[in-house]
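Protein chains in written order, with UniProt numbering: chain A, 1 to 456; chain B, 1 to 456; chain C, 1 to 386; chain D, 1 to 386.
Any given hint could turn out to be false.
The following label-pair restraints were derived from C-beta to C-beta distances [claimed, not checked]:
id: 1; chain 1: B; residue 1: Lys165; chain 2: C; residue 2: Arg263; range: 19 to 25 Å
id: 2; chain 1: C; residue 1: Thr183; chain 2: B; residue 2: Lys165; range: 35 to 41 Å
id: 3; chain 1: D; residue 1: Thr173; chain 2: B; residue 2: Lys165; range: 43 to 49 Å
id: 4; chain 1: D; residue 1: Lys47; chain 2: B; residue 2: Thr288; range: 37 to 43 Å
To be clear, the hints were calculated from the coordinates, so they are not data collected in a lab. If you're wondering where the values come from, they're calculated on a predicted model, not measured in any experiment. Backbone N, C-alpha and C fix where the C-beta goes; we use that ideal spot for every residue, glycine too.
Each chain is listed here by its residues.
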Amino acid sequence: MGESWTHITLDQHVIIRLPSEKCKIVHLRLNGSISLGKFGAFNVNDVIGYPLGSKFEIYYDDETTEDVEDSKKKNNRIAVGKIRLLSGIDKKLEQLNGVDSSENNKELINLGNDIQKLSTADIEALKKQSVSSDELIAKIIESHGSFKKKTAFSQEKYLKRKKQKFAKEFTVDYLSSASLLDYLIDKGDIQRVMDMSEESMGLLLNLGNIRPNGTYLCMDETGGLLAYFMLERMFGGDNDSKHTGKIVIVHENEHVNLDLLKFSNYSEEFIKRHIVTISLLDFFEAPTLHEINSNFTPLSKEEAFDLKGGKKNTYYRKLKWYKIQLEIIKCATEIEYDGLVTATTLNLPSVVPKLSERVHGSRPIVCFSQFKETLLELSHVLYDDLRFLAPSILETRCRPYQTVRGKLHPLMTMRGGGGYLLWCHRVIPAPEPIEEPEGETAAASQTENAKKARIE
Amino acid sequence: MGESWTHITLDQHVIIRLPSEKCKIVHLRLNGSISLGKFGAFNVNDVIGYPLGSKFEIYYDDETTEDVEDSKKKNNRIAVGKIRLLSGIDKKLEQLNGVDSSENNKELINLGNDIQKLSTADIEALKKQSVSSDELIAKIIESHGSFKKKTAFSQEKYLKRKKQKFAKEFTVDYLSSASLLDYLIDKGDIQRVMDMSEESMGLLLNLGNIRPNGTYLCMDETGGLLAYFMLERMFGGDNDSKHTGKIVIVHENEHVNLDLLKFSNYSEEFIKRHIVTISLLDFFEAPTLHEINSNFTPLSKEEAFDLKGGKKNTYYRKLKWYKIQLEIIKCATEIEYDGLVTATTLNLPSVVPKLSERVHGSRPIVCFSQFKETLLELSHVLYDDLRFLAPSILETRCRPYQTVRGKLHPLMTMRGGGGYLLWCHRVIPAPEPIEEPEGETAAASQTENAKKARIE
Amino acid sequence: MSYFTEYKDVIQEGDLALIWISRDNIKPITIDVTATFNTRYGSFPHKDMIGKKYGSQIAIRTKTNKKFAFIHVLQPTPELWTLSLPHRTQIVYTPDSSYIMQRLNCGPSSTVIEAGTGSGSFSHAFARSVKQLYTFEFHPVRYEQALKEFKDHGLLEENVIITQRDVCANGFTIKKGDLTSVTFSDTEESVDIGANAIFLDLPSPWDAIPHLDEVISHNEKVGLCCFSPCIEQVDKTLEVLEKFGWTNVEMVEIQGKQYESRRQMVRTLDDAMERLKDIKKRKLEGVERRKRQLENLENDDGNIEDEEEKKILEPQPLTEKTKYNPFGKGSRIREGDSNYEWKQVTKMETEVKSHTSYLTFAFKTMNKTRNEEKVGILLASLSKKK
Amino acid sequence: MSYFTEYKDVIQEGDLALIWISRDNIKPITIDVTATFNTRYGSFPHKDMIGKKYGSQIAIRTKTNKKFAFIHVLQPTPELWTLSLPHRTQIVYTPDSSYIMQRLNCGPSSTVIEAGTGSGSFSHAFARSVKQLYTFEFHPVRYEQALKEFKDHGLLEENVIITQRDVCANGFTIKKGDLTSVTFSDTEESVDIGANAIFLDLPSPWDAIPHLDEVISHNEKVGLCCFSPCIEQVDKTLEVLEKFGWTNVEMVEIQGKQYESRRQMVRTLDDAMERLKDIKKRKLEGVERRKRQLENLENDDGNIEDEEEKKILEPQPLTEKTKYNPFGKGSRIREGDSNYEWKQVTKMETEVKSHTSYLTFAFKTMNKTRNEEKVGILLASLSKKK
């Protein structure tokens with residue numbers, strides 16, 4: 001079995017990770033070649049069939065002749081190399097070169113680059129020869145005048161820098177929703193994705209109880225990234241999934257923006273099957289059945305078949321419109337949703353309670369926001385509304401560590417932000433029990449008790 | 001040298017830490033005795049002269065006869081024991097008893113207390129004998145049927161619990177501002193101290209540039225705890241300090257509440273010398289010199305000396321009032337303060353800019369609040385006011401670890417909260433330079449540029 | 001049918017439901033028309049729930065003060081189930097479990113190994129999303145408890161297999177004769193697991209990692225997460241991961257926080273000043289009154305002057321209750337009382353979970369060779385072009 | 001006189017001052033009537049600063065666009081000094097340094113040892129508050145740099161002594177002949193330090209800890225803080241602390257965060273709905289217009305119908321700019337623009353300092369015996385009572 005989420009496949013979008021820790025999304029076309037700038041270039045055909053996650057090295061030998069245009073600088077052509085599979089295990093310093101290290105940097109002051117005997121030209125010459133990046137880096141260490149005087153710590157830093165500069169390595173990975181987010185953050189598109197983080201999305205998917213068989217109401221202002229996270233959890237990249245789940249996406253503009261889904265490997269048919277989009281206007285002021293029926297009446301199959309030429313085309317286009325209208329009516333007025341999930345910058349108190357009217361009792365509501373303050377405002381509104389149970393504001397932050405043994409510590413710097421979530425459940429208030437004459441007092445105490453129960 | 005902040009001294013307030021990790025503030029009176037409830041009781045005289053931070057054990061022998069009333073349960077008298085100094089180094093499990101431990105708790109299920117062969121009565125009997133708590137705990141381990149089947153982890157937990165229950169140990173510590181805060185949090189007085197944390201106070205003192213020679217304007221709604229933190233930093237517990245610093249405390253009620261300062265070991269004279277209190281009304285609508293002079297005119301020394309009986313007393317009381325009025329005028333209108341430090345629940349945008357009028361240029365303003373949202377509101381107001389440079393909202397949190405070697409990890413739970421700080425500097429806007437005819441445009445761009453410079 | 005994997009509309013006899021009393025008090029019940037759910041506020045007969053929609057609030061009049069008491073009836077989800085567990089139980093909390101599932105790309109293509117099962121709360125979350133979950137518990141009593149719970153929750157008929165096993169000593173392979181929920185056919189001797197995601201919540205994951213090669217999928221990148229409270233465990237784990245060829249090692253901590261929405265009274269400087277002025281005015285009125293009394297006294301006896309005047313000149317605690325009271329001092333005010341202005345604020349929980357465990361992730365691809373099927377398609381395309 | 005320990009009113013010739021250009025750009029200068037401070041916006045002559053109060057904003061008209069440019073002249077404080085240091089320098093940041101000073105009870109009774117000096121930023125904070133600071137730097141070049149800086153800042157005349165020393169190898173005792181800022185008299189051979197607070201920012205504090213007994217105060221509880229980035233360093237430190245009799249060991253991390261105050265536009269559902277209605281209306285108007293065009297065309301040629309009608313019936317990108325634009329889409333709007341409603345929000349810094357170092361605290365009392373003076377007073381009181 002070699003599925004598109006396990007093995008590198010033709011016509012697939014994948015994410016390529018470079019030694020510089022940057023990443024790049026590419027589409028794998030038959031006979032295509034991919035330029036990685038200073039890290040070289042390779043032929044698409046050469047990587048097809050390897051497991052996703054494989055790490056390769058580009059090398060050049062006498063036979064290397066082709067070249068490809070640099071994706072960044074036009075008119076700069078990069079030679080296309082051959083590739084070899086790497087083990088994926090990074091060689092440690094000791095394995096590269098049996099070098100000593102110093103206890104401290106005491107003897108090493110302000111010498112800058114003078115100590116490196118290999119000139120940039122020398123290194124460029126070496127690079128053009130068919131040496132592996134490990135060999136190249138070993139040579140660089142060898143020619144370093146005071147490498148041994150560095151502390152092990154500085155040595156590793158130096159090596160890492162050199163590797164990022166000279167290693168012609170790359171990894172081909174599955175373009176998961178998290179990788180796509182990674183890529184966008186890396187590109188600086190933080191505002192576009194509302195400053196969301198992988199951990200916030202993970203929490204949202206679990207709190208939202210997102211399952212392969214649910215029908216979810218959603219606002220997604222991240223260009224489809226939130227929808228992609230949901231699709232991945234629901235269908236796991238499987239275009240032929242038998243699961244019946246649906247996402248109904250309500251949008252504030254005339255047309256929905258789900259541009260990022262083009263990077264996913266879901267087919268157009270798949271997306272049509274599992275995603276419905278509908279504007280706020282159509283959702284909240286949906287046409288009535290009467291209205292659309294007064295504009296158009298479907299013919300029987302035979303009648304439609306008998307239509308001729310232009311009339312037939314016109315009929316089928318109108319039929320399509322009619323079906324869309326029926327779907328709008330269904331989504332806007334009939335479905336009781338299995339959850340509401342939002343990532344929108346619209347004023348939440350004005351939009352969330354109204355959308356929640358269509359959510360089934362006992363189902364979760366999860367709202368993502370870049371800012372805690374907007375969720376605070378929303379939580380006070382929901383708290384005063386008996387249809388919402390226990391609104392909570394949540395924050396989750398992932399703190400990565402350096403995992404060099406003997407030097408374990410949290411990374412010194414990381415991205416701030418990541419957003420916040422509001423979580424609650426849609427509930428159905430009990431009708432006020434009428435029993436005793438002091439009904440009014442009882443009603444008042446209902447509100448208070450219910451609230452009290454929630455805050456406890 | 002044995003100062004009151006280095007050695008246990010008569011007539012001193014100290015904090016006593018108990019094995020239960022609870023603490024207690026006591027006043028050390030000559031010939032007094034202190035009850036620690038289930039942990040025993042001791043004579044004050046016995047601890048005088050030891051270094052602050054000393055750890056003692058209470059023991060009982062045949063000569064022990066006195067007793068003292070339990071501070072918690074009236075009519076419950078506790079025998080006063082003798083004390084011995086402890087090394088302060090906690091004995092490790094291996095030192096207590098050469099016991100094995102299991103890799104996991106697999107064999108230990110739901111046996112509860114049945115496994116302990118010593119009954120509560122047995123333990124009580126042991127406690128009445130003159131055994132040290134270490135001996136007692138060793139006996140308890142010995143009688144535990146399945147202690148060896150516990151993991152080292154559970155063994156330590158068990159030991160800690162037993163120690164908290166049976167050890168008659170206590171530490172006498174200096175009552176620093178942080179200890180006082182600790183004590184109040186422990187008591188559940190979190191709202192009284194505005195949810196502040198030691199780390200927030202430490203940051204406030206440094207950002208406020210609190211020095212022994214400064215004159216600081218302050219609002220302290222924590223009952224004097226903030227003032228105590230400042231006094232400790234300025235004078236280090238030294239009643240005879242030669243430093244000239246002063247804190248002017250503005251309060252919203254008719255009378256200031258600095259109750260917590262009674263636990264400090266500063267003398268009344270010291271506090272009078274270094275703290276001035278003044279109501280918001282007196283501060284913002286201070287009497288004029290003319291007003292007070294029209295009510296009272298000081299006599300020359302000779303004239304005053306010549307007054308007789310009641311008239312003389314009246315004169316000196318009026319003189320005192322006159323001097324207080326002069327001080328109010330000075331504090332409210334003459335001093336340019338070396339810093340403004342606030343911990344108040346008053347609406348900050350209404351009060352901070354007005355208080356800041358009296359702060360000298362280049363001096364810091366630091367406002368503590370339990371809630372970030374109130375500082376956010378303030379920061380927007382200050383940001384639009386050219387007299388304030390670069391308002392920032394800061395948060396600092398201390399995360400304590402378990403320091404058992406081989407089992408290092410952050411504590412599993414800790415107190416939330418701790419408050420937030422707003423920090424900025426008082427500055428003096430430049431007069432708008434008049435030079436070119438297009439003065440108006442220039443003025444507009446001044447505001448914008450100045451703001452721009454700040455946000456960068 | 002599992003109550004965790006199918007959306008139910010209406011509360012029915014036999015359903016597993018969660019009763020929400022308060023945030024810290026959520027109780028599972030099995031709906032039984034003859035039963036009653038008792039709280040300290042009063043009793044809720046199940047028959048009042050049956051036929052209502054999930055999410056319904058159920059009201060009764062309390063016996064004591066005749067006020068109303070309420071509960072909500074919810075359909076269980078793994079997250080609500082986690083909240084309903086007693087606090088003393090060691091569980092993987094939702095911020096951790098949701099991150100782990102996200103990082104291991106859990107979805108309908110996932111086959112997951114979990115060791116150990118523990119309270120079973122994470123098993124529920126896995127079961128919701130993955131194709132198949134193999135969970136291992138070495139503690140015989142906890143195994144029986146979890147087996148029963150999974151059965152009651154309908155998870156065993158769906159996609160969960162639980163096995164009693166010390167995986168550190170004996171690995172993960174499930175064989176005929178093992179204490180397990182697997183039913184073997186006559187011809188089967190062992191289960192072919194082929195996991196592509198592994199979660200190890202064990203005191204010594206380094207003992208279990210060497211056994212993984214036998215049970216993980218050979219045809220794809222496999223993800224692993226070790227959940228360890230102490231840093232020294234992470235260190236040992238890192239050593240073994242490297243030794244056994246696991247790569248892309250990353251270690252993180254997840255810090256989940258929850259905030260309460262509160263309101264703080266807006267108390268302005270102007271109001272505070274007005275209040276002080278009001279106090280002063282009343283005090284002056286008092287002083288004037290006393291002065292008059294004093295003058296009367298002075299006419300009687302000059303000596304009394306001293307003590308009385310002292311009282312007047314020195315500040316006195318205010319006895320008269322001030323009339324201007326903008327902040328309602330001295331009275332109990334409900335947070336949000338509409339007679340006052342309020343500022344919305346967030347407050348962190350009083351006690352936060354500052355640490356759960358360190359999460360160590362690693363990945364491994366057993367078979368790194370090219371997939372023949374994919375290469376075949378490639379070759380076919382190439383020959384077509386020629 | 002130190003510019004860090006005395007409050008100055010007015011900017012004077014020779015002063016050390018800080019020029020605040022922006023949060024990330026603060027520069028120290030020495031006021032010199034003949035000098036000029038240059039920025040990329042323009043030049044600020046020092047003579048315009050002299051005589052003005054500290055905190056003054058100084059304005060010039062920029063050469064290029066004749067707008068005004070501004071700087072602020074501040075008196076240095078240790079915290080501002082720390083902000084002014086280049087970001088690449090390894091420094092102890094204010095959240096850490098302020099917590100350490102708080103935990104070690106720093107004040108006018110403190111005698112502090114700091115090793116190593118490093119950039120000297122923490123030395124400034126200590127110097128502000130303590131009686132005496134002994135700071136040690138093993139790196140000869142950094143020692144010289146710090147020596148000069150402390151001299152320039154007036155700290156050496158106040159309460160700072162700096163010594164060049166590998167304290168791990170050679171301990172803390174300062175002797176005649178050492179490379180140090182101490183001036184020894186003829187009779188002195190070494191300095192009697194008697195520190196009651198110690199801060200070790202060293203790669204291997206465990207090598208330095210055994211030397212501390214020789215230089216710490218014998219008559220009181222002494223506090224120690226070790227500052228180590230890696231957890232393994234903490235582990236080794238814990239081992240040595242226990243061995244050398246340090247007690248009350250605690251280890252913490254400090255997490256300092258800074259928030260930006262921002263505004264987010266309040267965009268209500270009603271406005272969004274109105275906008276969509278406006279778009280729809282305009283589109284319908286367009287459709288009507290086209291339909292009329294179409295009818296005209298149809299009269300000419302029936303065949304064209306298909307393509308044209310298609311355009312009308314299918315949704316088209318809106319070409320007409322909508323008139324109702326409540327959120328100012330398509331135009332650049334300044335945050336806080338008074339034509340729109342805004343919600344105040346906080347935003348964390350884009351990059352946060354997620355880890356600086358672990359702080360390990362420990363305490364030690366060398367002489368645990370009773371103080372004779374205190375016991376004397378006690379005895380005297382007792383005999384008086386009898």
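### Query
Which of the stated hints cannot be reconciled with the structure, identified by number in ascending sequence?
1 and 2
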